[in-house]
Structure formats: structure tokens, C-alpha cells
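K.L.:
Residues per chain, in single letters:
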Amino acid sequence: MDFEYTESEQNFREEVKSFLAENLPPKKERDRNFLKSWLEKVREKGWVGFSWPKEFGGSDGGLIEQAILKEEMALAKAPPLGTSFMGLAWVGPGIMQYGTEEQKKRFIPDILDSKVVWCTGYSEPNHGSDLAAIQCKAEKDGDHYVVNGQKIWTTGAPFAQWMILLVRTDFSVKSKHQGITCLLVPMDAEGLEVRPIENMAGDRHFAEIFFTDMKVPIENRLGEEGEGWGVTVSALANERSSIGEVTQMFEKLEDLKSLAKNTNIQGKPANSDPEVRRTIARFETKIAAMKYNGLRYLTKQIKGEPLTSETSVNKLHRASLEIGMDDFAVELTGQAGLQLDGGNEAIDGGTWAKSALNWPNVVIGGGTPNIQKNIIAERILGQPKD
Amino acid sequence: MDFEYTESEQNFREEVKSFLAENLPPKKERDRNFLKSWLEKVREKGWVGFSWPKEFGGSDGGLIEQAILKEEMALAKAPPLGTSFMGLAWVGPGIMQYGTEEQKKRFIPDILDSKVVWCTGYSEPNHGSDLAAIQCKAEKDGDHYVVNGQKIWTTGAPFAQWMILLVRTDFSVKSKHQGITCLLVPMDAEGLEVRPIENMAGDRHFAEIFFTDMKVPIENRLGEEGEGWGVTVSALANERSSIGEVTQMFEKLEDLKSLAKNTNIQGKPANSDPEVRRTIARFETKIAAMKYNGLRYLTKQIKGEPLTSETSVNKLHRASLEIGMDDFAVELTGQAGLQLDGGNEAIDGGTWAKSALNWPNVVIGGGTPNIQKNIIAERILGQPKD
Amino acid sequence: MDFGFSEEQNMLRDQVNRFMKERCPMNQVRQILKSDNKLDSALWSEISNLGWLALTIPERYGGLGLGWVDLTVVLEETAAGLCPLPVASHSLAAKAVLLCGNEEQKAKWLPPISEGSSVSTLGLFDDPNWISAEGISCSASETDTGFNLSGCKPFVSDATLCDWLFLAFNFKDQLVLAKIEREQCEIQSEPTMDETKPMGRVTLDSVSVDKSDTMTLSKEHLTTLTNYGALAVTAEMVGAAQSLLDLTSEYAKDRIQFGKPIGQYQGVKHRLAEMFVDIESFRSLCYYAAWALDDAPSEVDRAVSLAKGYASDAFAEIGIDGVGLHGAIGFTAEYDAQLYLKRSKWARPMYGDSNYHLDRLATLGGL
Amino acid sequence: MDFGFSEEQNMLRDQVNRFMKERCPMNQVRQILKSDNKLDSALWSEISNLGWLALTIPERYGGLGLGWVDLTVVLEETAAGLCPLPVASHSLAAKAVLLCGNEEQKAKWLPPISEGSSVSTLGLFDDPNWISAEGISCSASETDTGFNLSGCKPFVSDATLCDWLFLAFNFKDQLVLAKIEREQCEIQSEPTMDETKPMGRVTLDSVSVDKSDTMTLSKEHLTTLTNYGALAVTAEMVGAAQSLLDLTSEYAKDRIQFGKPIGQYQGVKHRLAEMFVDIESFRSLCYYAAWALDDAPSEVDRAVSLAKGYASDAFAEIGIDGVGLHGAIGFTAEYDAQLYLKRSKWARPMYGDSNYHLDRLATLGGL
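Protein chains in written order, with the working numbering: chain A, 1 to 386; chain B, 1001 to 1386; chain C, 2001 to 2367; chain D, 3001 to 3367.
Read the hints as simulated data drawn from the structure, not as lab findings. Fair warning: this is a prediction, and the values are worked out from it, not measured in the lab. Incorrect hints may appear among the rest.
[Unchecked claim] Here chain D is said to cover these stretches of chain B; the calculated rule only asks that three of the stretch's residues, wherever they fall, bring their Cβ under 8 Å from a Cβ of chain D:
hint : segment
1    : 1038–1047
2    : 1068–1082
3    : 1117–1127
4    : 1192–1202
5    : 1324–1331
6    : 1339–1345
[Said to hold, decoys possible] As a list, the in silico BS3-like pairs of lysine-lysine whose alpha-carbon atoms are at most 25 Å apart:
hint : chain 1 : residue 1 : chain 2 : residue 2
7    : A       : K385      : C       : K2172
8    : A       : K261      : B       : K1268
9    : D       : K3260     : B       : K1176
10   : A       : K385      : C       : K2038
11   : D       : K3038     : B       : K1137
12   : D       : K3219     : C       : K2260
13   : D       : K3038     : B       : K1354
14   : A       : K354      : C       : K2034
15   : B       : K1385     : D       : K3021
16   : A       : K354      : A       : K257
17   : A       : K137      : C       : K2260
18   : B       : K1385     : A       : K385
19   : B       : K1268     : A       : K268
20   : C       : K2106     : C       : K2211
21   : D       : K3034     : B       : K1268
22   : B       : K1261     : A       : K268
23   : D       : K3219     : B       : K1268
24   : D       : K3260     : A       : K385
25   : C       : K2253     : A       : K268
26   : A       : K140      : A       : K215
27   : B       : K1174     : D       : K3219
28   : D       : K3034     : B       : K1176
29   : D       : K3253     : A       : K385
30   : A       : K268      : C       : K2106
31   : C       : K2260     : A       : K176
32   : C       : K2172     : A       : K354
33   : A       : K354      : A       : K261
34   : D       : K3038     : B       : K1385
35   : D       : K3260     : C       : K2253
36   : C       : K2260     : A       : K174
37   : D       : K3034     : B       : K1354
38   : A       : K176      : C       : K2034
39   : B       : K1045     : B       : K1137
40   : D       : K3172     : C       : K2260
Just so you know, even glycine gets a beta-carbon here, dropped at the ideal spot from N, CA and C.
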């Protein structure tokens, strides 16, 4: 057991730190122009698609360097490395693994250069969590597919230029995991309509997508016809280490502490109430657990030991922490905690209240805690399927 | 809404109070002889089988009088009204409803006179909660049944003289609820063996019962052959109002409060810690909820409004309180809380530690919380069965 | 011994229930929230004609002379549909006048209140987190004719909807409750989570009021009004929580995932059962508290703290899980579940959160 | 960066694991508990031959010079089978000598300890609920040759099994740690929930000891020993909790109710998953704390409190639900689940319960 970093790892951390010191201005000074140059600079550094093979324009970054990069970026509250989260997390790796030479040439560079934002068309109205039960239909017609149907909960759709879309090309199959095909579709395609969905916090990250006789040329198919599920699974399996999230949560924990110090309850400082102190300390134990779980699993990966679904452990912690910390902050601050941005008494500009209503994906849709518990019970503990 | 009692109800309460004042000595003075005379006296009063029809030796006691009687008995920490809990709660009502004249004559008086203790042979090794899945076999042979098989978790079996036994007389039936027959069996019957089960607290309330070619005369059958399930259900349905338990729990809450006052944690009185205070107050809200839930349901019963399975609500509260309060007391008192009776530092003679290991029936076997939640979800909320 | 509602009370419940379905369904509620003037005067006069605003006011002041058990029925059923009319605030203002006013003031103010012609609210505390006279910083100074009032009450419920505001001020370690008309003060609408419960910031810059427009607010009365306030909020929590459970329970029966209705999975059905247990429980405690306010003064403090102490935390969890069990649809703006989540957040601190009431219970219980 | 165990440590784990299966299975454990002298000398000498008692002792004192990460492996695996041998107490005694003893004392006491020939334990606090020097009422008075010791330590782990007891005494606002031989004091066995963790009441009636048998116990050392104690208990909790989860998980696969294995009901399987989440988590924190004790002194207080603060409450719940999910069989004496429940109760207060460690975390975190 050894938490020391090698010299080259430490040097890399230093490199990242000094880069951030030079190139990352305080939050308020970060305007459009800054973002543009930021993206160019991190691209130059090779930190976009850091883990990707060099042949595709990545840096072959090792697992530990990846963790260091994420940790430092999170500590500095830096903007994301590239504009297309989905493109970097799922689409790019999918194309590198299953794509044709043309597809690789055509799509990979634009993702790395933040020229194209991708979204993923997986969920459908009648089976949010049950991804494989796809009804959205594609029929081959000469040199293209004709797509009809609907998707929903498509994150980022309102801002995306391209979508990776799961359709059913065969309804005669026995298993719902067969007969699924993966297509790459421009959002401005004819017959594609985006209807943004407003969430309870008033934001519009999500959208419904409707397809009416949308034509997709066959060369835009990713992988073989009917084998789209394999493509998706390997994409979904493309788990990100949670180190970045953990760092952000430790930051949030500090905000929560100062909130407790600056809040009075019944005329006494909130941080003088043992229950308040223990609640915050309990959050700390969970975040720390996420950190050291993550490091244990990272070590396993490095040593090439089998990882089943341990990442679900941290997903469950994160879900409860995301909701728990915001809700606790709102509760702690009483009536003032209810005010949103613009309220005269709003706490920290209403950010706590807002994010108490802005649930992350881990809590909803495909990632619901109940599903994560099934994964652990079935895949790790070997319990029978529902 | 009106919590006042009628004059006759108040008079009845006074009658009970003064009876207790006259006839109930302090706990330490209650020896065997006292118990004997106590049982005779309450029998004279007509308080054994208080709710039973006069024709069977009961008093036709109304629902509210029953509640008053239970409340006062609990407040005075009086011994039970009669030695056969099962006999009074289930067997007696079952016999009154389904029994032959002979059976009524033969069994009812002995129950009321505390001459016979009954136990119930329901659960079997392979289906604790699934009562209807009975395998214990009875074959008719002339004027008697021959019983072979096993029962388990039979409460009070080691002390009982008679048992109400569920057996399967027909294995060809489609529904597991058919083909079940109810027999009345003396515990000294040939071919009946009792093996007490020790629980984790070292007590032996429960037992396994083995039947080998045990003969039971047909006249000891309760109800028709194959209709034993109906008999049992109506018996199980014979719900007791929870007012007695609630009173006991309020007493226990007071014990918990004085414990908190007399315990130091890190050198400070435990009752100065807000979290300790709130935990105890939270127990109080739950016990009070049980009380007022109970009164609402009692009122419904009196008004003849339909009651579905609301009693499961209080069963769930009770399960969590029974475990929660003991465990909290043990936690509160640190290492001393671990000591059992006889320990030099044992708390209240180790009663908390002991009862933390002595789980009541509501937590286990037929009453498990998961089953209660199913009952509520399915029967009250109309959710689909598992 | 009868812990149930009377025939009349059950009829009242049916009436409110029907009214909410027919006249104030959720699309109507959403309409009202969109409108600038968030008080729907038409609906308001309808319910005043139905007498709901006169319920708890004695007959000699134009009221119906009923009790808070009856009002509990109305608040529960209106909150079931998240009705944005300020029934609770209005009734609390009436209670304040009844409690603190002299005969003249009662005779003058209560009739228009019971008619609903003067929409009213009550503003006691200034601090977001302090249920106590010490938490009141707004102050009064004596003048020849009465008082001069200054200060800011940042969290007055329904202030933006009201004609009359009854506000508490500090005066020489005592409290004065003054009747302020909307024109006399600045009222700013605050953006908060639960739009069905508008929150107003009321500012007074040396407003002089006549003695006849002020009442003495004793510490005992402050406690009493806090109890009535907590009961009113809890009654609304019972109705709102039950609606969210019904909504979620129905959804669980219809929503198919992996080939089964999700209500068939114990992960869902057991949580629904737990919600039922909690709602049944704070419902019983709420009814007990309402009865105590009407008939058993000595039990009020404990009864109210049992109810609000249980409800505040329980409803907050029910709000979160009610939305969560729906999956993604639950937290979309157009779906109603999230409105109940927001109500659960609003109701939690009002007139004391769980910790406040549990602390009070501990003290009452001799800890 | 390597947050895993070395090859040697994995081999050690296999060795302990195999030993527990072959030499100390549960029926053997139950045998030991039935016997009068609850120390199984045969087993004890076996494990000392295997070197487990010498692990953390430097080579120059006859030890193996390894660290507490290695000991964590042993404690975790022995606790998995609820091995009643006093490995933890013995190792803590050794640690105390290493920390507080002078060269002479170390040279004299550590070799027999590392051989296991003198079974030892450590008794710091007298109060059931007070982790602090102030909680130590046993007192020492000075004599020409050394000290005169009096007082009672009611909760000394494994005292009844030991030859040597290292006990803390108050001396002029300082602390003295004295080596007491069993003959010098009265040791009474106390009946407690967890028989695998015998608790002894040690009484000293003006026992005079030579200066050479005493060490100075600074406040810093008291804190350090508390940290080692908490880590040792937590390591045992990891092993015991995992065993209970395995036991319950296996049972859930086999036990048929209403026609299905109960593990198919989410009410059961989700609780099992939650147990796994908690065990994984305090396991990681426990390993981190062990590493900190060996390699990062500045992180020790926080690391230990993270681990024990998480584990104490979590294991207590796992103990209750592990038994509960079994239904009736779970709480029968002959079934093993209940033994783990009892261990969870025992482990909770040892060297600080969750509240104690959460309080410490809050303070360390600047709250």
C-alpha cells in the first residue's frame, strides 16, 4: 500500500498546476473568448481525449495521470476539457472501436477540437431504464435507412449538432438485445424535431426527439446492422473514474461547512449544534469513502484484476450525497433557504435551492438507485434477477 | 371529534383502577400464590375473555371498555388476564365460531379459568411467512387422523397443554389454501415431540414440534375437513387493539428518558446532547402516532366503517420501536450497555441489553416488516402482488 | 370517545374536494401562478360565499363559530390540490385579532375578514430561523397618537395578495401587533421554490399608525399563534402528502419497466407503504393537535409539536421519493409531482422545523 | 500510487483464512466459549508460531517488523470467523510498550509478547463512555521504589485471558501506564452480549509496583493508542460484517418463500446491496487508516475517525438487518448470524462510537 506518486506523475501534476495558474482566470473573468482559447490550449496540451490512443489524436494518458488531470481540473473549478461531454465519454470511444476509417476521420477530430457537440438517443417514452426495449424503427431503403419514432431524456439535445441514435432494424428477434442498430445523425437532419423539456428547476438540459421518415445514409451506421446493443454496452461500460466528482464534492462540503458557520438557528450558530456537526461529518465519511473506494478500484484496474460492478457503489453514494447535501443546506437555512436567485435573502445566490431541484442523472432515468442496487445484488452478490 | 368518555365508561375505568389498587401488590411481592388468586379475581370480574359473548362466559365488553381495561392494566404493569394468550386471542374465538357444542363445552371454560395453556402450530420449516404452504400431513383412518410432519416457531409450546394445529388433509388441491384442516391436539399426545429452541437472548419461548403417526380423534377437528385455512384466517384477523402495547411503550419511553438523564457521555449528561434529546422525542412522536392511529381505527370500528389493513401501520411502527429503543439505550450507555444481568456495571440489571436481543414476534416470522409493507402496498394502495 | 369527523365535517370535506376538482384543478392552479396578480378574486369570493373564510370566526362577528378541526378539513383538502388561495394566512390573521384585539377591533375587523372582503395575513417573525420574540427585530416607537413602525419582515406568507397585514413589532421588550394596510408599506415579491405559497418582503420606513390599529401581543399569545400556524401548515401537509402518494401510487400501477408495473417491485411498493405509514401517522397527530387547539389547551404545545415534528421531516422525504420513484418524468416541469416536492420544502421550516419541535417535545417531556 | 495489498499480504490473508477454516471453524469457536478457561492455548501457540503476534514488533525485539496494514489483514480474517483469541488486545499492548517504554522495558517485555508466551492486554479508560484522560479515575501514588496503584477498570478486553495487563493510572494530572501481572490484581469475568470478546473487571487495592514496571503515558500517546485501538476494532468489523453479509446473501439465494428465493425480492436484495455498499466503504476507509498509521502520521486522526465513524453505525445496522433478513431462524442461538449481531453491538462503543468520531471529524474539519 503506497499513496506516493512517481516522479513523472508528480511532474505531470506540476505541469497541470502551472498550466492552470497561467491560463485559468477567476470565474467572473471567464468570457466566451476565454473559453475558446481555453479549449485550444488544452487541446494543444493533448488533454482533450487524454486517454485516447495517439493515432486518434489522444495522448495515451495512463489511469493515474487521468486521475491527476481530473483532480487538478476539479480543484481549480476549471471548465470542461472540450465541449462535447458525450462525444468524449461515449461517442469517440465507440467510433474508435466500431467505426469505419471514414467515420474515424470524419468525426474523431471534430470531437477533440470541440467543433461538434454530440448527444445520445437511447431512452424512449415507455422504457426509461430499460434501454434495450427500443421501439424507434429504422427500415433499410436502398442506400439509406428511414427512421420513425421517438426518443426522450436526451441530455444536451438542444445544443448538440450530432446524435448517436439507437434504432430497431429487426422486430422479429427473440431477445430484445438483438435487432438494434446504431446510427450517427446530424441534428439538422430533415424529419428530426427537438422539443426541449423543462425540469423542475426551470432548466432545459433534456429534450424529446421525434423522427418522421428521417433518412440516414448507410455509411452513417456505426457497427454492423443489428449489433447496436454491443456498441452501446461497450460505450456505457466506458466508466469514468469518479475522482473528479469526489473533488467537487469535497469542495461542496467546504461550502456546507462555511454555511453552517454563518447560519444561526434559534439565535445560535448552526455549527454549535452537535447534530448539525455530525451530519456534515457523516457527509465527509461518505465522500471520503467514495475517494478511497475509487482508489481501490483504480488500483485493481491498474493491476488488471477483474472489476465487476463496484462502480455502482460510488454511484449510490453520489446519488444520496447529491440530494442530501443540497437538501440539508436548504433545511439548515430555514425560510431563507427557499429563496431562489434574485431573492433578497437568498443563500449564496440561491444556488443551494436551485441545485436542490436540479437532480443529476445519477438519481433519475437509467441511473436510478434501485437499478444500481439490482446491479450490485445480482452481479456482485449473485442474487437472482427480479 | 371528542376524547371525552361517557359516564359509564369513566365509572368502568374507576372500577378497574380501584380493583388494581386493592388487588395488585408491588412487583417484588407477586409470588405464585398471588398469581393464582389474581387469575381467580379477574375471572370473577369477568375481565378474562372480556369481549366474549356472555353465553360463553365472557362479558360482551365493548371496544372502548376493552381499551380502557387494557390501558389501565398496562399502566399498572399488571400480569396478563389469564395464562393462555393464544387461547384467549385465537383459539377461543376460533372455537366459538367454528367449534361443535362439545368442543365449546370442553375447551372454552378451561381457557377462561386459565386451566389450559394453548399454543398454535402454524409455521413449518420451509415456509415461515408463507403459512398456507403447509406440508404437515394428516390421513383419515377410521375415527381418527394420523398426523406426520413438523412444525416450528411454535410460541409457548414448552409450557402449553393443548395446541391448535394446521395440517394438510388433501395434497391434490389446486390452491394451497385448500385442503388444510384444523385439529385440536393435547401436547402429551403419543407421537408428539417438543424440542425447545433457544433464541439469541438465551430464552426458550419457541419450539420445534415433531409428529410421528400421532392419532387425533375426528371429534377434535375444528371446522370442516379441508377448510382449516378459513378458520385460521378468521383467527389471525382477530386483531387486538394496540392500546395496551402503546401504554407499555410510553412507560418504556420514560425509562429511556431517565436513562438519558443518568448517563454521561464524554463527561457530559447525555440529555444535554440535542441529538439524544431529538432521538427520544422522535420515539415519542412514533408512539403517539400509534396511539392516535389506534384511536382513529377504533372509532372506525365503532362506527362500523370498513377497516382494511391499517393495523399493519402500527405493526411497522412497533417493529421499528421495539428494536430501536433497546438498541438506542444500549448505544447510549457505551460499554456498560453491553453487560447482561449479573454484570457489575449492567444497566438496569441488563434489561436493555437482554431485550435488545429478545426480538418480539412483530419483527420476525409471520410478522416481518417486509410482509407488513406488502400488505399495505397491495391491500390498501392496490399495488400488484409480487 | 370519538376520534372521527362529524357528519357536517364529512360533508364539508366533500364540498371542498368537489370544489377543488371542478373549480381549481391543477391546470387552473398553474394559470393562477402565471398571472401577475396571483390572487384569483373570482375563486376567492366563491370560497368566501361558501363560508370557508368565516369558519373559525364567532357568529357575533359574522362568522360561523366553528373550530379548527373544521378548518383542518378545509386546509387539508385545498392543499391536496395545492390551491394557491391564502386561506391559512387569512384564518391565522383572524385568530390573531380574536386573541389580541379588544372588542372594538374585533367588531371592526372580523366581519370584513369573515366575508373575505379584506384579504389578510399574519407576519410574526423576521428571522428565517428563529421562532421567538427575540427573533423579531422590527421595532415600534411611541407617538402621541400611537406608534411609529420601522423594519423589514422578509418572509411574510401571501403578503403580495393581501389588503391587510397583521405584523409584530418590538416595543420595549414587549410586542405590538399592528394592522397595516398594503398602501402603508412596501411589499416585494420574492422568488421562492413553491410558487403556490408566495412569499413577500414587507418593509416599513417609519410608518405611523393610530393606537386603535395596534394590539398587545403577549409572549403567551405569540406561542399560541405559533401553534395555530404550525397546525395550519401541518394540515396542508397532510393533504399535499396524500395527493403525492396517490399520484405516485397510480403511476406505479401503470408504469411498465422490464415487463412489469414498477409497483410490483418491492423497491417501489415498500417505499410507497412507508409513505402511507408516515402520512397516516402525522395525519392522526394533526387531527389530535387540531382537537387540542379547540378543546384541550393544556395538551396543545405537545400535540402540535408531535404533529409538526413528525410531519416536517417525513413529508420532506416523501416529497423527494415521490418525485424520485417516477423516474425522469417526475422532475419535469409539466408533471405535477414536483409541485408537491416544492411544497414539502416550503412547509418544513414554517412555524418550526422538525428539530425545533423535537427540541420542544424533549423539554416538555422533562428531558 | 498503489492502494492494494502486496503479494506477501495476500499470502498472509490466505494463510489466516485457511487457518480459520481448518483450525478454528465456528463449532470450534463455540467450544472455546463453553470452556472455563476461555483461552485455547493450543490455538494460541499455533498462531504465535505462525508469527501473527510478532507482526508489528520490530525485529530487534524478536518481531517481524511489519506494519499495521499487515495486522489489519490478520484481524480482518480472524474476525471473519469471530476467532476469540485476543490478537488485537495483545498487539495493542505491544504497541503501548513500543510507544511508552524505555529501551530496557522494550527489550524485556516485547520478546515474550512477540512469542505469545505472555498473553497481554491494554486497559486505558475506566468510564464506559469517556475517551479521555479525564475518564481515568484509577490513581497512582508515589512510593520510594515506584508507585502504589488503586482503582477499578470495569471494562478491560480479554483481561480474563491474560498474564500481563498494561493499565493506565492517574498521577498528578499525568498518566502512568503500569505493567500488572494477573496475580497482582483481582480479575472478574463480566457477562456481556458478545462472548467472543470477554470483558474483565480489574480491581487493584493499593498494589505497589516497581518504577521499572511503569511507563509515562503522555496525552499524545493516549490519543495515538486510542487511534490504534479504533483501527484494530474497525479491521475486525470489516471481516465480521463481510461474513454476515456472505451468510445472509447465501441464505437469500436458497430460502424459498411464496415460491421464490427471498433474494429475488427487492425488499431483501436491495438491503443486501446497501450492506455491500457500506462494507465496501468502511473497508476502504479502514485500509486508508491502517496505511496512515504506518506511513502518514499527520492524517491518522482524521483517517481513523472516518473509518470508525462510518463503521460503528453501519455495522450496527448490518448486524440487525443481517439477522432480521433471515426471519425466525436468524435469531436462534444455534444459528451463527446472531453471533455477528452481538459483535456489532460490542464493536460500536470500543475506542469511540460513531458520535465520538463524527464529533472529532467536525472539529478536525474546522467546524
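K.L.:
Indicate, hint by hint, whether the structure satisfies it.
P.N.:
Verification of the hints:
1. 1038–1047: n = 0 at 8 Å, threshold three: violated.
2. 1068–1082: violated (count 0)
3. 1117–1127: Since three or more residues must qualify, the claim that chain D covers the segment 1117–1127 of chain B holds, with 3 doing so at under 8 Å.
4. 1192–1202: holds (count 5)
5. 1324–1331: Coverage by chain D holds for the segment 1324–1331 of chain B (3 residues, Cβ < 8 Å).
6. 1339–1345: holds (count 7)
7. A:K385 / C:K2172: Given that 25 Å is the threshold and the Cα spacing comes to 70 Å, the pair is violated.
8. A:K261 / B:K1268: holds, 24 Å
9. D:K3260 / B:K1176: This hinted pair holds, its Cα atoms lying about 15 Å apart.
10. A:K385 / C:K2038: violated, 51 Å
11. D:K3038 / B:K1137: violated, 46 Å
12. D:K3219 / C:K2260: The hint is violated at about 62 Å.
13. D:K3038 / B:K1354: holds, 22 Å
14. A:K354 / C:K2034: holds, 20 Å
15. B:K1385 / D:K3021: Given that 25 Å is the threshold and the Cα spacing comes to 42 Å, the pair is violated.
16. A:K354 / A:K257: holds, 19 Å
17. A:K137 / C:K2260: holds, 23 Å
18. B:K1385 / A:K385: holds, 17 Å
19. B:K1268 / A:K268: holds, 20 Å
20. C:K2106 / C:K2211: Holds, at roughly 15 Å.
21. D:K3034 / B:K1268: Roughly 39 Å between the alpha carbons, so the hint for K3034 (chain D) and K1268 (chain B) is violated.
22. B:K1261 / A:K268: The hint holds at about 24 Å.
23. D:K3219 / B:K1268: holds, 20 Å
24. D:K3260 / A:K385: holds, 11 Å
25. C:K2253 / A:K268: violated, 47 Å
26. A:K140 / A:K215: holds, 9 Å
27. B:K1174 / D:K3219: Since the Cα atoms of K1174 (chain B) and K3219 (chain D) sit roughly 74 Å apart, the hinted pair is violated (cutoff 25 Å).
28. D:K3034 / B:K1176: Distance ~44 Å between K3034 (chain D) and K1176 (chain B) Cα, so the pair is violated.
29. D:K3253 / A:K385: OK: K3253 (chain D) and K385 (chain A) at ~11 Å, within 25 Å.
30. A:K268 / C:K2106: violated, 38 Å
31. C:K2260 / A:K176: holds, 15 Å
32. C:K2172 / A:K354: violated, 40 Å
33. A:K354 / A:K261: holds, 21 Å
34. D:K3038 / B:K1385: violated, 51 Å
35. D:K3260 / C:K2253: holds, 22 Å
36. C:K2260 / A:K174: At roughly 18 Å apart (the allowed maximum being 25 Å), K174 (chain A) and K2260 (chain C) satisfy the hint.
37. D:K3034 / B:K1354: Measuring from Cα to Cα gives roughly 20 Å; hence the hint holds.
38. A:K176 / C:K2034: violated, 44 Å
39. B:K1045 / B:K1137: Violated, at about 42 Å.
40. D:K3172 / C:K2260: violated, 72 Å
The structure fails hints 1, 2, 7, 10, 11, 12, 15, 21, 25, 27, 28, 30, 32, 34, 38, 39 and 40 (numbered hints given earlier, in ascending order).
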